[in-house]
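Model the placement of chains R, C and Y on the given structure of chain P, informed by the hints.
4 protein chains.
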Amino acid sequence: MALITAPTPLATLAERYDQVRAFTRRLAAPLAIEDYVIQTMEDVSPTKWHLAHTTWFFETFVLSPHLEGYRPCHPQYAYLFNSYYIQAGERHCRDRRGYLSRPTVEEVYAYRTYVDEHMQVLLNHPDEALQAVIAPLVEIGLHHEQQHQELLVTDIKHVLSVNPLRPVYRADLTALGTPEEAPPLAWLSLAEGTYTVGHEGSGFHYDNEAPRHTRYLHEAQIASRLVTNAEYLAFMADGGYQRPELWLSAGWATVQERGWTEPFYWERHDDGWQLFTMGGLQPVPLHAPVCHLSYFEADAYARWAGMRLPTEGEWEVAMHLHGPEVSTATEANMVEHDALQPVPLMAAPSGRLHQGYGDVWEWTRSQYDPYPGYAPAPGALGEYNGKFMCNQFVLRGGSCATSYTHIRPTYRNFFPPDSCWQFTGLRLARDV
Amino acid sequence: MALITAPTPLATLAERYDQVRAFTRRLAAPLAIEDYVIQTMEDVSPTKWHLAHTTWFFETFVLSPHLEGYRPCHPQYAYLFNSYYIQAGERHCRDRRGYLSRPTVEEVYAYRTYVDEHMQVLLNHPDEALQAVIAPLVEIGLHHEQQHQELLVTDIKHVLSVNPLRPVYRADLTALGTPEEAPPLAWLSLAEGTYTVGHEGSGFHYDNEAPRHTRYLHEAQIASRLVTNAEYLAFMADGGYQRPELWLSAGWATVQERGWTEPFYWERHDDGWQLFTMGGLQPVPLHAPVCHLSYFEADAYARWAGMRLPTEGEWEVAMHLHGPEVSTATEANMVEHDALQPVPLMAAPSGRLHQGYGDVWEWTRSQYDPYPGYAPAPGALGEYNGKFMCNQFVLRGGSCATSYTHIRPTYRNFFPPDSCWQFTGLRLARDV
Amino acid sequence: MALITAPTPLATLAERYDQVRAFTRRLAAPLAIEDYVIQTMEDVSPTKWHLAHTTWFFETFVLSPHLEGYRPCHPQYAYLFNSYYIQAGERHCRDRRGYLSRPTVEEVYAYRTYVDEHMQVLLNHPDEALQAVIAPLVEIGLHHEQQHQELLVTDIKHVLSVNPLRPVYRADLTALGTPEEAPPLAWLSLAEGTYTVGHEGSGFHYDNEAPRHTRYLHEAQIASRLVTNAEYLAFMADGGYQRPELWLSAGWATVQERGWTEPFYWERHDDGWQLFTMGGLQPVPLHAPVCHLSYFEADAYARWAGMRLPTEGEWEVAMHLHGPEVSTATEANMVEHDALQPVPLMAAPSGRLHQGYGDVWEWTRSQYDPYPGYAPAPGALGEYNGKFMCNQFVLRGGSCATSYTHIRPTYRNFFPPDSCWQFTGLRLARDV
Amino acid sequence: MALITAPTPLATLAERYDQVRAFTRRLAAPLAIEDYVIQTMEDVSPTKWHLAHTTWFFETFVLSPHLEGYRPCHPQYAYLFNSYYIQAGERHCRDRRGYLSRPTVEEVYAYRTYVDEHMQVLLNHPDEALQAVIAPLVEIGLHHEQQHQELLVTDIKHVLSVNPLRPVYRADLTALGTPEEAPPLAWLSLAEGTYTVGHEGSGFHYDNEAPRHTRYLHEAQIASRLVTNAEYLAFMADGGYQRPELWLSAGWATVQERGWTEPFYWERHDDGWQLFTMGGLQPVPLHAPVCHLSYFEADAYARWAGMRLPTEGEWEVAMHLHGPEVSTATEANMVEHDALQPVPLMAAPSGRLHQGYGDVWEWTRSQYDPYPGYAPAPGALGEYNGKFMCNQFVLRGGSCATSYTHIRPTYRNFFPPDSCWQFTGLRLARDV
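Protein chains in written order, with the working numbering: chain P, 22 to 453; chain R, 22 to 453; chain C, 22 to 453; chain Y, 22 to 453.
Mixed in with the good hints, there may be bad ones.
[To be verified] Label pairs and their in silico Cβ distance ranges:
id	chain 1	residue 1	chain 2	residue 2	range
1	Y	Val154	P	Gln263	30 to 38 Å
2	Y	His290	C	Ala396	39 to 47 Å
3	C	Val183	Y	Thr235	49 to 57 Å
[Said to hold, decoys possible] A few chain Y residues that don't get close to chain C, going by computed Cβ distances all over 10 Å:
id	residue
4	Arg37
5	Tyr130
6	Tyr135
7	Asp193
8	Trp208
9	Leu209
10	Gly214
11	Glu240
12	Glu278
13	Glu283
14	His308
15	Gly327
16	His343
17	Glu352
No wet-lab data here; the hints were simulated from the structure. Ideal Cβ placement from N, Cα and C applies to all residues, glycine included.
If we strip away everything but chain P, and leave its shape as in the complex, we get (with noise of 0.2 Å):
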């Protein structure tokens, strides 16, 4: 397979949402009909809905509100392909995604042919007012698109990595470096006072991260760089899957009911651990960011440690203070980068906050909850993000699997306590 590109952030809209919808396209194409159908967890879904369901998204609030005549491509499709927007009509089971043989690999790549070109007659529609009032909805719908383009990937690692014939997406990704050892783990201050967080300006973000306001925070340190796999084995030699004092009551519960004696992907052979990858099973790559852990287990390992996770506000802070512009992104382990898993840290200028973009989201300690003054978008599309407010904690970041052209330092990412399915790691705070 030819390296994999992203949407050039400048580009015009229409020339973006070719971009970004080729991109998915591009990530599917390793793939057998076969895997493209199957739901294997319920977190999962199918290759196939993902497609479907991105390209519903531009249908139902793009298309059919704004392009005169439009008929839909399929009467059912709109039931088929929603999925929690419930002002968008009824919606088939999320967990029964993968009872659906039907509509095949081939219809769902129609269904994309067919709204890619009237999205196209939209695009390039002369009427500028038209322009204006469904041009933040088709970001909206790239955004959209970009968040499945990363499931898809973290869904297809799932589908494959349960078939005993342990199947490989691509034997062609980006390898890793292989560092003597981790680069010292630094400290970077954080001094106490008020400070400023939030999405800023007129670019594009989500809801959730408005409105920009102020925050109070206290004095604390955060780690130069990610917790490596190294450094979690050492907890896990410590019988940190063991000891009940180190973990929250609702994570003990779930280690003992799940029997988790490791993270996630991991797997114990004769010669050492092993890691299901993009890639295939190899050898656990030491001074790699550790990966797939849960909440629980961040926290854990953190606790551990005697230290903490960051809050979100620190790690925002942190990013504007020492760490890198977005800009260099573009350098950073995401999906552009075509690894499709963590890498380790090579170079490492000291009093920098590195790996703060890409590789793995990280865990902050911060639950998800409302900014002062939030209010969600109006109609289905503020169904995005307020209603999720309950028992999630917030990541920060990005991933291997994450587009440098959908990241931003005020981004937030969310997930529950006990998912692991995720490239997600954790960078450590300490109070003083």
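Coordinates of chains R, C and Y only, in the frame set by chain P:
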């Protein structure tokens, strides 16, 4: 699709092997690749799995032990496609058959071809002693494959039915007759006394049909034909699903728990009851046999009618005394008739037992147990029957998805009392 | 506590009523109030509930319809203490019987007294026509109460057993004998031919024991005594719980799911196997009958031993040909023997079937079904038996918790194949 | 029953010990023995368990380590009555607390007496250094006991409520006032800026209330009083329980799954809504605070009203600026008021925050998390709070079942968002 044909009973074993194996392919031919993959409830296996599992049977029990130098097609297929044969080794969980996107459908067909080619080598081997050893194994393998042909049909019916798009298996199935009314139900007598039941002679049969033995029957009568949809609708209209006194205790619990108010695959539409069939939705055919009943429903109907279900002994004796010859099963509505649903009884000469073969498997009131002197076959093949003798009821006669080369008057099918995804119905009996 | 005595069979009905009812109180007498209230698994009912439900039976089926001017003790007891009699009205959920702290134990005893006083009025009423009507209802009520006496014992055994304090029901129970070894197991023959089984004559019996009818048996042999703990230990030592080929498919699933490795109420201690009994923990008595086996275990043991369980027809005929008279049940280890656990067989004259009554209910291989010509009793009392004819196996002979006035050679007890909290064991049979 | 009185705050520790422990007995006094034993849902513990567990606390954390020669009352009570203190050793499963008929209630009271006598010895010991060590442990033990007093009340309410006989805890509880209408709801302002929150000084507090720290609030307003039943009925009448857009996603799933259509303990009768209270069923009092709401319901109500719940920071600051002194909690509707249900607000001087203490715990929108610089107490007592910081929301202010000696403005209670068996309600807030 051209006419479906089934194997000729008198062909050589090698010819019959080809015929049965080819028939499986023909049954799967109308499907899209996606249809082969999914598992829509635990009882249902993916078509792909049926294709591979029946092939595994020949590989495991015939080729590996008896074809010199045979090398299994793939080292892990033995693990993936074993079903419940514990003595044949470890196996993949039944409820995760739908989690296997690989091997692909193409690879599974290649597996079939690989095994078929080796089987032909073996079946044409000149060593007569070898032929004598493998012939009974191949026989059981072919009957095993025919059982899975029936399951393939019933399982794919379920797969298509849960899809809101309501795909059709084939649009050109043999049409139902449409009589004005069902022939009148007559009663055939069974005199009290001793009878002999069970399989006789050297023909193929399963271990559970033997030994042939004496049984004492009491005076009874058995109905000349199956219960029809029109008759079952009268039960429904009389509150059949709302009256606990008509049901077994476990049956009533099932009715409440699953909210049953009509037979499986029935749907109430504005213009009346519709039925999901292999040819799509159609109005319930009033004079066709009622189908997809659980034992609980068949038993409740019989109680409501003031009668009972026959015992399997009564059924077998009645077929012997009043029923058709098994050689006439070619004229019955079996899979070769290519209707894939029960059809109305048209002509019904009096004094005879009609619909004994085909249309629907007939629930008997007999719980599945060992015949006196029963001994399971030795080795892994002995796991075939005896170990299911608990919480199963016996069904007799074959259905519209059974081959006429597979049925016998002594054939004992069995399912748990809440099963209804098979083509199952009932015939009444009564004490005198 | 003084010697437990049971009702005299020849007493008047009023006397027998008093005797049976008093015996229930005597069984509950050793308990603390707290023991009466709780429900430690769904099969278990609180002692308080048994006391009230048996009383409700007389109130509902005898007093309310037949004692002029009778007013129920409390308007809601009919709702609270109905069990499964659907025709007797709505009822409180079985799995919530342990959620009822009221009525208090004192109030329940007052309910018993209230009903007993009215019953004595009715039983001493001079109207002979009335007596003729109520006598069979009172009979069934007394046998119903005796069934609940047995359940009261087995349920309270469970209640005490789950308590880490291991309370003792009574410390002064009749002690076991301690023979050097069990008498040798001999085989008693059954010749092939027709036999008559089922209840005969006018004595009390349940509807499921009738009608008396002809049955054809094949040549077989049945063991002269029950299987002992020592024999069962040999099965365990031979990997009985680890070998799937010894088990029914559903049995093996149960073994895996519940982690069974020994009989219920057994515990492995440092110094060997201990058994929880009504008299507390004690070492497993080697030559006493093995007890608290599920059907699955009894069946697996028999298969391991190269034999099988008897059918219920074989058991009944063997008792008739080789067993003790039912009048000798007074000498058997039944509830009046006051051991409340199976005891070793001491003397065992050859050529006879021993332990046919008492000690343990004997699992037969017969699934519980209706006899030919079976008709349930009319009305709510007809719900007593027939509606459980699904997924139950028949047990015969009574146990150490059954009264000798309650057992008959035709008595058919039944439980699901995974039940093991009753006093249940096995006797072997074999084909010839 | 005589007037309930609570401990005097200024008494000596030994006196306070007696007062608090005696108050527990007084709360249990109206119960029948049977009421002490059962567990009617997992959240509910038997009264007997509360009595023993609070006693175990003093035995384990005070007597065993600090009273020379102390011997535990019973060797297994430590196992039976530990709750979740993992570092204090193994413990009996929470969901099986209702399976313990022993120790009896009488034995549990003897346990209390045994521990109380030893505690008085210790509390009157002349060694001042010892007193300095045990005083904080006794303090936490007394507050722990007060928490369980509240749980005892809410748990016994549940125990009585599920009984179809609808027993009454006490018939002589303090009656509600019956105002014509609720005082008008006014809005109290919070200016933007930094505030200090958290516990200050040396008084008793839990570790989760510390450290005192700076927090930045945005301009907002908070309601002067609680939401009433009449107001909540308007939400219900407007389809509140049928409109998914009003609910958090997890909340809507809960509504669907449990079939919620009104608050817990409400029942629709022919003559209107009834409420189950400690004094029995009564009509819903229109102007009393709505109670037994889950977080999901409180949040949905606020969204329906176009407002939101306050954060815990806002609540604490508002109490400081506009609320009553904590010393006036004696006048609030707390457990000493002996109503055991929320009562209508009668007089309501303007410009003040009313009902801040007592009546109902007020749900805040704040998920329960550690304060900046939070450090759990060392040892097993440190398991008290921090390990529950996941999927819990903070509640403030105490309820009608809380003692006025137990509440503080900084007190942080917490429950999962679906909990509703506590006395929980809400106060509105809004952005400006």
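Checked hints:
| no. | hint | verdict |
| --- | --- | --- |
| 1 | Y:Val154 to P:Gln263: 30 to 38 Å | holds (32 Å) |
| 2 | Y:His290 to C:Ala396: 39 to 47 Å | holds (44 Å) |
| 3 | C:Val183 to Y:Thr235: 49 to 57 Å | holds (53 Å) |
| 4 | Arg37 | holds (31 Å) |
| 5 | Tyr130 | holds (13 Å) |
| 6 | Tyr135 | holds (16 Å) |
| 7 | Asp193 | holds (19 Å) |
| 8 | Trp208 | holds (45 Å) |
| 9 | Leu209 | holds (44 Å) |
| 10 | Gly214 | holds (52 Å) |
| 11 | Glu240 | holds (50 Å) |
| 12 | Glu278 | holds (19 Å) |
| 13 | Glu283 | holds (21 Å) |
| 14 | His308 | holds (32 Å) |
| 15 | Gly327 | holds (41 Å) |
| 16 | His343 | holds (44 Å) |
| 17 | Glu352 | holds (35 Å) |
Figure legend: structure checked against the earlier numbered hints; every hint is met.
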